[in-house]
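Novice: Turn these sequences into a full structure, and let the hints guide you.
Chains as they are written, first to last, in our numbering: chain A, 1 to 776; chain B, 777 to 933.
Honestly, the hints are just simulated from the structure, not real lab data. Remember, it's a predicted structure, so these values are computed and weren't measured experimentally. Glycine included, every Cβ here is placed at the ideal spot set by N, Cα and C. Do not rely on the hints blindly, as some may be mistaken.
[As the list claims (entries may be wrong)] Which residues of chain A face chain B? A few of them, derived with a C-beta cut under 10 angstroms, are:
| # | residue |
| --- | --- |
| 1 | S16 |
| 2 | D29 |
| 3 | G244 |
| 4 | S275 |
| 5 | Q665 |
| 6 | G675 |
| 7 | P706 |
[Unchecked claim] Non-contacting residues of chain A with respect to chain B, defined by C-beta distances greater than 10 angstroms in every case (computed):
| # | residue |
| --- | --- |
| 8 | I6 |
| 9 | G8 |
| 10 | E194 |
| 11 | D203 |
| 12 | E226 |
| 13 | L395 |
| 14 | Q405 |
| 15 | D409 |
| 16 | E422 |
| 17 | T546 |
| 18 | I572 |
| 19 | P586 |
| 20 | K621 |
| 21 | V716 |
| 22 | V755 |
Listed here are the chains, written in short residue letters.
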Amino acid sequence: MVDTYILGKSELNIDSPEKISGRAMYAIDMTLPGMLQARVLRSPRAHAKILSIDTSAAKAIPGVLAVITGQDLPFLEDFPGDRPTLALDRVCYIGDAVAAVAAETLELAEQAIAAIKVEYEDLPAVFDPEVAMSEDTPVVIHPSGKGPGGKVMGNNQAHWYGAADGDLEKGFAEADLIVENRFTTGMAQCAPMEPHVALADVDIYDNCVIYCNTQTPYLVKQRVAEILKVSPHKIRVVVPPHIGGGFGCKTRIKGEGIASALSRVARKPVKLVYSREEVFADTTVKHPFVIYIKDGVKKDGTLVARSIRAILDAGAYTDGTVGGLVTRNAAYGAVGVYKVPNFKLDNFRVYTNKPVGGAFRGFGVAQTTWAVESQMDIIAERLGMDPLEVRLKNLLVDGDYNPEQYLMDAVGSRPTVERAAELIEWGKPADAPISPTAKRAKGIAIGCKHFSIQTSSAAIKVHEDGSFEVRSSVTDIGQGSRTVMAQIVAEEFKVQMSQVRVIRVDTDVTPLDTGQSGSSTTVKAGHAVRLACKETKRQLFERAATLLEAAAGDLDTAGGRVFVKGSPDRSIAIQDLFRKLPMGAPGYEYGPFLENSSDLVGGAMFYPQNERGPKGEPLPKVGFSYCSQAVDLEVDVETGRIKIHKLVSILDPGKPMNDQLAIGQIEGGVGFGIGTGILEEMSFRDGKPTNANLTDYRIPTALDVPNVDQLVFDQVETNFAYGPYGAKGIGEVVVCATSAAIANAIRSATGVRVVAMPLTQERVALAIAEYEASRV
Amino acid sequence: MTKAEVRATINGRERELRVDPWRTLLEMLRDDMELTGTKLGCEAGECGACTVLMDGKPVVSCMSLAADADGRTIETIEGISTAEHLHPLQDEFLKLSAFQCGYCAPGMIMSSKALLEHNPHPTEREIREAIAGNLCRCTAYVGIVKAIQNVAAEGVS
Ligand code: FES
Ligand code: FES
Numbered sequence: 001m002v003d004t005y006i007l008g009k010s011e012l013n014i015d016s017p018e019k020i021s022g023r024a025m026y027a028i029d030m031t032l033p034g035m036l037q038a039r040v041l042r043s044p045r046a047h048a049k050i051l052s053i054d055t056s057a058a059k060a061i062p063g064v065l066a067v068i069t070g071q072d073l074p075f076l077e078d079f080p081g082d083r084p085t086l087a088l089d090r091v092c093y094i095g096d097a098v099a100a101v102a103a104e105t106l107e108l109a110e111q112a113i114a115a116i117k118v119e120y121e122d123l124p125a126v127f128d129p130e131v132a133m134s135e136d137t138p139v140v141i142h143p144s145g146k147g148p149g150g151k152v153m154g155n156n157q158a159h160w161y162g163a164a165d166g167d168l169e170k171g172f173a174e175a176d177l178i179v180e181n182r183f184t185t186g187m188a189q190c191a192p193m194e195p196h197v198a199l200a201d202v203d204i205y206d207n208c209v210i211y212c213n214t215q216t217p218y219l220v221k222q223r224v225a226e227i228l229k230v231s232p233h234k235i236r237v238v239v240p241p242h243i244g245g246g247f248g249c250k251t252r253i254k255g256e257g258i259a260s261a262l263s264r265v266a267r268k269p270v271k272l273v274y275s276r277e278e279v280f281a282d283t284t285v286k287h288p289f290v291i292y293i294k295d296g297v298k299k300d301g302t303l304v305a306r307s308i309r310a311i312l313d314a315g316a317y318t319d320g321t322v323g324g325l326v327t328r329n330a331a332y333g334a335v336g337v338y339k340v341p342n343f344k345l346d347n348f349r350v351y352t353n354k355p356v357g358g359a360f361r362g363f364g365v366a367q368t369t370w371a372v373e374s375q376m377d378i379i380a381e382r383l384g385m386d387p388l389e390v391r392l393k394n395l396l397v398d399g400d401y402n403p404e405q406y407l408m409d410a411v412g413s414r415p416t417v418e419r420a421a422e423l424i425e426w427g428k429p430a431d432a433p434i435s436p437t438a439k440r441a442k443g444i445a446i447g448c449k450h451f452s453i454q455t456s457s458a459a460i461k462v463h464e465d466g467s468f469e470v471r472s473s474v475t476d477i478g479q480g481s482r483t484v485m486a487q488i489v490a491e492e493f494k495v496q497m498s499q500v501r502v503i504r505v506d507t508d509v510t511p512l513d514t515g516q517s518g519s520s521t522t523v524k525a526g527h528a529v530r531l532a533c534k535e536t537k538r539q540l541f542e543r544a545a546t547l548l549e550a551a552a553g554d555l556d557t558a559g560g561r562v563f564v565k566g567s568p569d570r571s572i573a574i575q576d577l578f579r580k581l582p583m584g585a586p587g588y589e590y591g592p593f594l595e596n597s598s599d600l601v602g603g604a605m606f607y608p609q610n611e612r613g614p615k616g617e618p619l620p621k622v623g624f625s626y627c628s629q630a631v632d633l634e635v636d637v638e639t640g641r642i643k644i645h646k647l648v649s650i651l652d653p654g655k656p657m658n659d660q661l662a663i664g665q666i667e668g669g670v671g672f673g674i675g676t677g678i679l680e681e682m683s684f685r686d687g688k689p690t691n692a693n694l695t696d697y698r699i700p701t702a703l704d705v706p707n708v709d710q711l712v713f714d715q716v717e718t719n720f721a722y723g724p725y726g727a728k729g730i731g732e733v734v735v736c737a738t739s740a741a742i743a744n745a746i747r748s749a750t751g752v753r754v755v756a757m758p759l760t761q762e763r764v765a766l767a768i769a770e771y772e773a774s775r776v
Numbered sequence: 777m778t779k780a781e782v783r784a785t786i787n788g789r790e791r792e793l794r795v796d797p798w799r800t801l802l803e804m805l806r807d808d809m810e811l812t813g814t815k816l817g818c819e820a821g822e823c824g825a826c827t828v829l830m831d832g833k834p835v836v837s838c839m840s841l842a843a844d845a846d847g848r849t850i851e852t853i854e855g856i857s858t859a860e861h862l863h864p865l866q867d868e869f870l871k872l873s874a875f876q877c878g879y880c881a882p883g884m885i886m887s888s889k890a891l892l893e894h895n896p897h898p899t900e901r902e903i904r905e906a907i908a909g910n911l912c913r914c915t916a917y918v919g920i921v922k923a924i925q926n927v928a929a930e931g932v933s
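Specialist: What follows is the structure, given as C-alpha cells:
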C-alpha cells in the first residue's frame, strides 16, 4: 500500500480502554426495568416421541409469567426446515429445547421448569454417522430430501456436495504409488467466554427490541419476525459493542426466538442467559468428520490423482443454511494448496442424535486440512522424500486453475511455508528431548482457507463538528473489526482516529449485513465502509463545490477540511458546511443545521459478483488466505504428553490493515489450534454429553500453551487486488494447520501416525503402545 | 425468609447488605451492586471470569457465598483504577493490546494483581500457574503473560 495515513499501522484497538477497565458493557450486563428471567426445559432423551407436555403446574406458580411449548410457535421454514424453535412432537438429541418459561426470578424460573411434566416414548437413536448413512441404520431421523441437482439422498443424508476434475481412473492408473488413509476429527465447542444472551422486550403493538450477542443481527431480525409472525420492521436487534467471543457458535438464531416469544406472552422484558451446559449442548458445534482420502503419486512426488470422501456428523438438525455451507466449504480445504489434475470429492452431511453441527472457526476446512496435510507427510515418507519438498513440488501458483476451477490469485502457500521452515530450521534435526522418556522432532503443515466474499452495507454520518460516525451491522466478537472500520474512515478522510466513532449495531440504524462469519468481515465490511466513504465524500464535495467555486471533482479532504486539489489554501472546514443560524434566530442555540437535508450520510452497499470458471461456470466468490505452521515438539512415549518447544505460525494476510490485530489473530489461532488439536473433544455416552463443562472439556489454560518465546509469529504479504486495500480475511485460516503439523512431528519423533484428531494425551499414548506392541 | 447480613469493605467502602443466604458473591456484586465488570462465564468455578479479591486473595465469586464476604475486604475490577489513573497492570495490558474480546480481562487482571502483590518477581511458570484458572479463548496468553512480566520488571507502584 502506498503512503497510507493510518491503515496498515498498529492502531490501538479502540475498545481496549473500556475492556481493561471493566466498563465494557456486554449483552450479559444489560438489564431493563421489570425484566423477567427465562429458563429452557431440555430433552433428557436422545430420540423420543413427545406424548404429552403438562405445563399447568408451572403456570400456577405465582411469579411465573410465561410458559411456552412448541405448540405456541410456528414451525419455521428455515432451509431446509427441519428444526422447530421448541420441539413439536419429538426430540432429536439430549439438550433439544422442549419448553421455556419466564419468571420474576431465576429461582422461580427453575422451579417452573421442574414443574413441567413431559411424557416421552423412546425412539431408536443413532450416533455414528457411518452407521446412520448405511442400510443398517436403526432409524432415519428426518426424511431425506433431494440434494443439489436433484440428487436423491441416502439414509440420514442431509447434504451432499461433490466436485470433480480430470479423469480419476486415468490418474490412478498413471500413478507409481497409491496412498489411502482414513482420518477422523472430534466434536468441539467454540466455548466463547461469554455465554449466549438474549434480552427481548415486546410491547403491546408487538414491536420487539432484542439485545443480544449475536454474530448475525439481521438474520436474528428475520427469524424472530417469522417466529412472532410479525413484519420484520417490528423487530429491532441491538448488539452491544462488546461481545465475549463467538468463533461461529453465535451465528444464526440461538436463544433470541425463545426470549422474544416469552416476552410477547408476558409483555415484559425477558432475559435468557444460556448456562455453560447449554452453550455446550444447544449451541452449534464443530462437525466431526470421517475422511477417506486416496492419492496417486509419481515416484518424483508429483500428485496425479486424489479422491476424497468425507462424512460430516451433522448432529440432529441443520443450522439453517450453515449445514449445506459447511458441506460445501469443507471442500475448499482440499483444493487451495495443491495441483491435482485428476480429482474427485464427495462430502456427505449425515444426521445423528447429537448436538447440531454448525459454524465453527475453520468451517469444515480445518477438518479437511487435517487429513490432507497428514496425508502429504505420509506420501513423502512412502517415497523417501522430504515432506517440505513434496509440498513445494505440488503447489498451485498464481494463474493456475484449482481442482474446483478457481483461478488462483495471491497464492501465499510458498512464501508462508518457506518462512515457517526457515524459522523452525527445517532440515536441521531437533535437539535432544528434555525428558528421558520422550522423543523429539519437527513437523510442518500448510493451512489454506477460503474467505467468503459476502454482502454488506455501511453508512457514514458526518457530524456538525466535522467528525465521523460509522454505521455498520458487523459485530465485533473481539477480532477488532470496529477498529479496522474506524481506521478505514480515518484513512479516507485523513483524520485522526479520535475523529471517528463506530456506533453499536442496531438494526434500526445500522444497515444490512450478512453476518460475522466465514472470515468475511474484513473484505465485505472493508469494502462497504470504503464505498460509503466515497459516497460521503461525493456529498461533501458537492456541498463544498459551490462555496469554493470549484468543480466537485477537483476537491479532496484531509484533517477536517475540504480543499481544491493543488491549491490547499482554497479550503473550507467541514463544519462550515453546516449552517449556523444567526444569534437570536429561532432555534439558533440548538446547533447548526444542514441546508436542504436532515443529515449528511453517505451509504453504500458492497455486493460481490460470482466468479467464473474457465468454461464460464458460476462459482461463489471467495478468496484464499494461507497460514503455514511448523512445530518442534517432544512427546513422552509413556504418557503421550506433548510438549511444544517452538511453534512457528506464518500468515499471509494479503496487506494487513492493522498489524497488531493481524498478529492477534495468529496468536488466537494458535491457541485455538492447540486446543482443538490436542485437548478438546466433546464426548458422549449413548448421546449424553459426558464433559459439557469447562473442567472436563479442556480449552487451553496458560499452562497448556508454549511460553512466550516459544511462539513465533510472522506475516508474509501477498498482493490480493480484490481485497479492500489489498486485505484478505484471516480469522480462520490461522487454526487450520496446527493439528497436522503436530501429528507430523509426532510421527517423525516416534514412528506413530495418529489418524484421529484431537491428539489427546490418551490417544497418543495408546497409539504409541499399540505401535510398540506391533513391533515385537 | 431470613436474610444474611453482609458487612464488607467493597472497593474501599464499607457496605452493609442483606442477601438471601444462598446468594453467591458474584450475584451480589453483579446483580445487587451493579458491579458488572466482574464477569460470569460458567457459574461453576471453571473459567475464572468472576475472579475478585477477597482479603487480597483471588476467589471465584461464583463459588463463594455472598454471606462469606461478611467482615472481609472485597476488591473488584472497578476498584483498582480511578477515572484518571489506571492500575499499572491495566496500563500494560492496554499497551500490549493483550486482550481481544476482553471478557476474561477483569478476572485476569485481578488474578495477576494478587500474584504481583504477593510475589513481585514471578517466573514465567509462576505467572502461568497464577492465571491458569482464568481461561481466555481469544488469545494464546502471549500478551497477557508479557504484560505481567513487564509490570513485574518495573515493580508495582
Ligand atoms: S463464572 Fe465463576 S469461574 Fe466461571
Ligand atoms: S480476550 Fe476473549 S476470552 Fe480473553
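Novice: Please go over all the hints and tell whether each is borne out by the structure.
Specialist: Evaluated hints:
| no. | hint | verdict |
| --- | --- | --- |
| 1 | S16 | holds (5 angstroms) |
| 2 | D29 | holds (4 angstroms) |
| 3 | G244 | holds (3 angstroms) |
| 4 | S275 | holds (7 angstroms) |
| 5 | Q665 | holds (9 angstroms) |
| 6 | G675 | holds (8 angstroms) |
| 7 | P706 | holds (8 angstroms) |
| 8 | I6 | holds (16 angstroms) |
| 9 | G8 | holds (16 angstroms) |
| 10 | E194 | violated (5 angstroms) |
| 11 | D203 | holds (25 angstroms) |
| 12 | E226 | holds (30 angstroms) |
| 13 | L395 | holds (28 angstroms) |
| 14 | Q405 | holds (36 angstroms) |
| 15 | D409 | holds (30 angstroms) |
| 16 | E422 | holds (21 angstroms) |
| 17 | T546 | holds (44 angstroms) |
| 18 | I572 | holds (37 angstroms) |
| 19 | P586 | holds (39 angstroms) |
| 20 | K621 | holds (28 angstroms) |
| 21 | V716 | holds (20 angstroms) |
| 22 | V755 | holds (26 angstroms) |
Against the hints set out earlier in the document, a violation occurs for number 10 only.
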